[in-house]
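Participant: Chain by chain, the residues run as shown.
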Amino acid sequence: MKKGVFGRPPLGLLVPAAVAVLFIALPLIGLLTHVAWRDLAAELGSDEVRTALRLSLECSLLAVVVAIIIGVPLAYVLARSNLPGKGLIRALVVLPLVLPPVVGGIALQTAFGRSTPIGRVLYDGFGVTLPFSTAGAVMAEAFVAFPFLVITVEAGLRQADPGYEEVAATLGARPWRRFWRVTLPLIKPSLLAGAALAWARALGEFGATITFAGSFPGTTQTLPLAAYAAFEGSGEVERAITLSLILLAISVAILVGLRDRWLGTST
Amino acid sequence: MLKTGHRAGLAVLAMLALGVGACGSSTSSSPASTGSASKLTGSITVFAAASLTEAFKDAQKTLEQNNPGFTVTYSFAGSQQLVTNIQNGAPADVIATADLSTMQKLTSAGLVGTPQVFARNTLEIAVAKGNPKHITGLADLANPAISVVLADPSVPVGKFSREALAKAGVSVTPKSNELDVKSTLQKVESGDADAAIVYTTDISSASDKVDGVVIPENQNVIAVYPIAVVKASQNQAAAAAFVQSAVSGDVQRALLKRGFKAP
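For the record, the sequence lines run as chains A and B.
So for the first sequence, our numbering puts the first residue at 1; every next one is plus one.
So for the second sequence, our numbering puts the first residue at 1001; every next one is plus one.
Isolated chain A, as found in the complex (with noise of 0.2 Å):
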């Protein structure tokens, strides 16, 4: 640190800046000291609780496959390509980090609700209904959380040094297996960088489950939705404070893992 250049900083920036900290710590303080510890163990095991647990890991880590399969390639092409019009679609793709979740729900729900041609060839010819199922509440969580890992692994590819691709390429491999071989590895920590904010916020999603996939014990009513439920239907706050003392929990295991990039700077 440059202390001894700058000294204290002055009382005017010190202020606000503790202002910000107590601003995000009280209501963290709030939620910790309404848990009801004693009960604790019980709600986390109760049935309610271990379904929403389940279902939400569930759909989290598939929507985060699904972002991998579809994402990655993306990032690659639109880190490496030439592609015209390179530049709108990273706008389109990215646009659901800054979309009210609502809005992506509504979204999808027009583009794949059953009276949408979409779905209804998916019902008429499959029996399949996206919303109130399973898989609609992993495409509204891959719906949101798919942008993290684009950009994360785009920044990624473009940090990488091509040379050895380069290299790869003059010894006679082939591209496919340069992606596999040489990129893919080369891009393993922004890869893992990104699947873990895009789980994150996979898991936190909200506003486009409820609004395209309902809400219903076991089939799409994940952690914060059980949450809000609780908190807002049957008006049971210690289970809603349950349910977010376990998506606190996990954010904080996430924060952790990422401590060297985010963290990383502090002394």
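Calculated from the structure, these hints are not laboratory results.
One or more hints might be untrue.
Stated by the list, open to error - To spell it out: a stretch of chain A is covered by chain B in this simulated footprint if at least three of its residues, at any positions, have a beta carbon under 8 Å from a beta carbon of chain B; those stretches are: (1) 215 to 221; (2) 230 to 238.
To be verified - Chain A regions said to be covered by chain B (calculated; three or more residues, Cβ under 8 Å): (3) 108 to 117; (4) 122 to 133.
Glycine included, every Cβ here is placed at the ideal spot set by N, Cα and C.
Let chain A serve as the given structure and place chain B on it in line with the hints.
Facilitator: Just chain B now, kept in the frame of chain A:
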């Protein structure tokens, strides 16, 4: 918009001439406001059960025309959500719920004045236009090929729906538990679900998008709507006047027009 001054004058005349209770006259645009009109000043916020959306919005026009300078803002949601919000200190002046037990939570917490019943409603099955799945009653909802959406059991209409299904001896696994009646109905409007149990008034308000299948009286449940002044209200006079209007004034007339039954 008409000049409100003239409007108010006409309204008073009309009231003197006709008296209250012009239920049959559906053509006259806005009959009288009641004697409490003078107290409808300033602005109030009314928290109302989602099923009241259309009727209360209709009433808003009449109230604001008849009472210059008065404005009402609504927040519509599931009754249980509104109750939670008020318990958490949401700034409401009036609350109207779709059942007595949610209101009871506020009464016993001392957060509202004495509730008054102002409307009744019944349940109906909402289906797609033309009833393509040929649903004739609650028993059909047990068919696994029919996708049914209900309101969450914590929502009054969700609780009533389950009571009705129990009365009919029908067991249904819904595809989704929605947190208010309008989002329950929306799943049928959008075509994602085949049927939903909602209020009769919700179906008539959305009659361009859905059809209704009547639930016979012996299986049906009557929803009783109470309304009360929130004790923390900063505008007690207007809040009380709105409650009065819901029981026997402009708001009551708007409710009857939308198919609600008088208390």
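Participant: Evaluate each hint against the coordinates.
Facilitator: Against the structure, the hints:
1. 215 to 221: holds (count 6)
2. 230 to 238: This one holds; 5 residues, not fewer than the three required, reach chain B with a Cβ under 8 Å.
3. 108 to 117: Since three or more residues must qualify, the claim that chain B covers the stretch 108 to 117 of chain A holds, with 4 doing so at under 8 Å.
4. 122 to 133: Result for this restraint: holds, n = 3.
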